[in-house]
Structures are given as structure tokens and as C-alpha cells.
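Novice: Each chain, written out:
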Amino acid sequence: EPEVTQTPSHQVTQMGQEVILRCVPISNHLYFYWYRQILGQKVEFLVSFYNNEISEKSEIFDDQFSVERPDGSNFTLKIRSTKLEDSAMYFCASIEGGGPYNEQFFGPGTRLTVL
Amino acid sequence: KNEVEQSPQNLTAQEGEFITINCSYSVGISALHWLQQHPGGGIVSLFMLSSGKKKHGRLIATINIQEKHSSLHITASHPRDSAVYICAVRNYGGSQGNLIFGKGTKLSVKP
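Those protein sequence lines, which keep their order, are chains A and B. FYI, in our numbering the residues of the first sequence are 15 to 129. FYI, in our numbering the residues of the second sequence are 122 to 232.
Since the hints were derived computationally from the structure, they do not count as laboratory data. Glycine included, each C-beta is placed from N, C-alpha and C at the ideal position. There may be inaccurate statements among the hints.
What the hints assert, rightly or not - Chain A is nowhere near these chain B residues, computed Cβ spacing over 10 Å in every case:
#1 N131
#2 T133
#3 E136
#4 I164
#5 G178
#6 G225
What the hints assert, rightly or not - No farther apart than 25 Å at their CA atoms in a straight line, the calculated lysine-lysine pairs in the DSS-like style are these:
#7 K71(A) <-> K92(A)
#8 K97(A) <-> K224(B)
#9 K174(B) <-> K189(B)
#10 K71(A) <-> K174(B)
#11 K227(B) <-> K174(B)
#12 K174(B) <-> K224(B)
#13 K176(B) <-> K227(B)
#14 K71(A) <-> K56(A)
#15 K71(A) <-> K97(A)
#16 K189(B) <-> K56(A)
#17 K224(B) <-> K71(A)
#18 K224(B) <-> K176(B)
#19 K224(B) <-> K175(B)
#20 K231(B) <-> K189(B)
#21 K56(A) <-> K224(B)
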């Protein structure tokens with residue numbers, strides 16, 4: 015069964031460093047999402063991406079964050095200069111089409127630890 | 122104010138018990154998801170509902186759009202059902218599908 019994959023599973027970085035989190039959505043999916051979950055808190059929406067551009071972003075997704083689909087298969091989240099408060103689990107998700115009745119498939123997550 | 126509220130926050134059950142987790146939401150929605158998150162952190166989609174009821178194995182999900190309420194039921198619970206169950210909604214009229222999440226219900230099933 016096709017699945018969303020994410021790498022790495024765990025990333026440790028120093029404050030101020032840039033990190034890139036990678037996702038490979040399911041191959042025929044069109045809409046892509048990043049969510050994050052700070053330890054002990056609920057999952058929060060970061061950004062949605064369609065047709066090679068951001069379709070919506072939350073207040074969390076400030077200038078330090080960017081997303082890219084560089085090669086038609088990978089979907090990346092870049093944090094330019096990490097802060098301690100960026101430590102969280104980051105989930106990628108995708109859906110086949112943009113209609114409201116389509117199921118969203120989640121990746122296993124990347125745990126980011128900023129020291 | 123949280124747009125998606127779940128109850129209870131924590132639930133401990135004995136193996137074999139019937140379990141109900143509730144979700145109430147305050148926004149208009151186009152779909153509601155029930156998700157399962159295991160201790161390792163990964164999220165698995167259990168159901169997506171826009172009306173009525175769905176069943177998969179021992180899991181049943183119902184939704185009442187008029188009352189803005191959904192329930193997830195687990196029949197004949199088993200220790201392997203121990204996980205966090207998350208309700209998430211897709212805002213009606215919102216753009217392409219981003220979800221609003223509840224805080225989750227942590228279920229522990231004892232043998």
C-alpha cells in the first residue's frame with residue numbers, strides 16, 4: 015500500500031542552524047501539508063501546498079520557514095535559523111485531490127530537537 | 122476557545138470493555154477525521170466522515186452534523202488499542218484541506 019515517507023526520523027541541531035525536513039508524498043497526490051506537534055500539545059497546521067505554490071499558511075509559518083517541491087517527488091520544509099521553540103514533531107501529509115471528502119495520509123513524522 | 126474539543130482527555134479501560142471517545146466542534150465543517158497516534162508519534166488515519174456512520178473492524182465512528190458532534194467507539198477493547206485518539210476537522214469553505222485538531226484522548230487498555 016502506498017505511503018507517505020519522511021526523513022530523517024530524528025534530527026538534532028544547534029540553535030541558529032538551518033534544517034531541511036524531507037517528505038515523499040504518495041505519487042499521484044496533489045495537495046501537500048506540513049503540521050507540527052510540540053511535545054504534549056495538539057497538532058497544528060503549518061502550511062498547505064498545491065500546484066507548486068503555497069495555498070495557505072498559519073501564523074506559525076513565518077519568514078523562517080519555507081517549503082519546496084524541488085523535483086516532483088520530494089516535498090521539503092526548511093527552517094532557516096532554528097530556535098529552541100522549533101523543537102517538535104513535524105508531520106507531512108498529502109491528499110489525492112482537493113475536494114473536501116478526500117482522505118489525508120500522514121507520514122511517520124520527523125522529531126526535531128533544537129539544542 | 123478551542124474549535125475542537127475532545128472528551129475525556131484520558132481514559133483507562135479493562136480489556137474487553139466498550140469504549141467511547143467524544144468530539145465536539147464549533148466551526149462548520151466539510152469532513153471530520155479520527156486519527157490514531159501511537160507512542161512513537163506516527164499518525165494513522167482511522168476514519169473520515171461527513172455524515173452518518175462508518176465501521177472498520179472493532180471501530181465505529183458516528184457524526185451528527187446538526188449537533189456538531191462525533192463519537193468514536195471501540196468494541197471489545199484490547200491492550201493494542203492503547204494510543205492517543207485525535208479528532209480533526211476540515212473547516213467548511215476553507216482552502217485546500219488543512220485540518221484543525223483536538224488535543225487528543227489518551228486511551229490505555231489494561232489486560
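Novice: The structure should be examined with respect to each hint, and the outcome stated for every one.
Specialist: Here is what the structure says about each hint:
1. N131: holds, 13 Å
2. T133: holds, 19 Å
3. E136: Consistent with the label, E136(B) stays out of reach of chain A, its closest Cβ about 27 Å off (over 10 Å).
4. I164: At roughly 4 Å from the nearest Cβ of chain A, I164(B) sits no farther out than 10 Å, so the non-interface label is violated.
5. G178: holds, 16 Å
6. G225: violated, 7 Å
7. K71(A) <-> K92(A): holds, 14 Å
8. K97(A) <-> K224(B): holds, 24 Å
9. K174(B) <-> K189(B): Holds - the C-alpha atoms of K189(B) and K174(B) are around 14 Å apart, at most 25 Å.
10. K71(A) <-> K174(B): violated, 32 Å
11. K227(B) <-> K174(B): Judged against 25 Å, a Cα distance of about 23 Å means the pair holds.
12. K174(B) <-> K224(B): holds, 23 Å
13. K176(B) <-> K227(B): holds, 21 Å
14. K71(A) <-> K56(A): holds, 17 Å
15. K71(A) <-> K97(A): holds, 19 Å
16. K189(B) <-> K56(A): holds, 20 Å
17. K224(B) <-> K71(A): holds, 20 Å
18. K224(B) <-> K176(B): holds, 23 Å
19. K224(B) <-> K175(B): At roughly 22 Å apart (the allowed maximum being 25 Å), K175(B) and K224(B) satisfy the hint.
20. K231(B) <-> K189(B): Not satisfied, since the Cα-Cα distance of roughly 31 Å exceeds 25 Å.
21. K56(A) <-> K224(B): Satisfied, since the Cα-Cα distance of roughly 5 Å is no more than 25 Å.
When held up to the earlier numbered hints, the structure conflicts with 4, 6, 10, 20 and fits the remainder.
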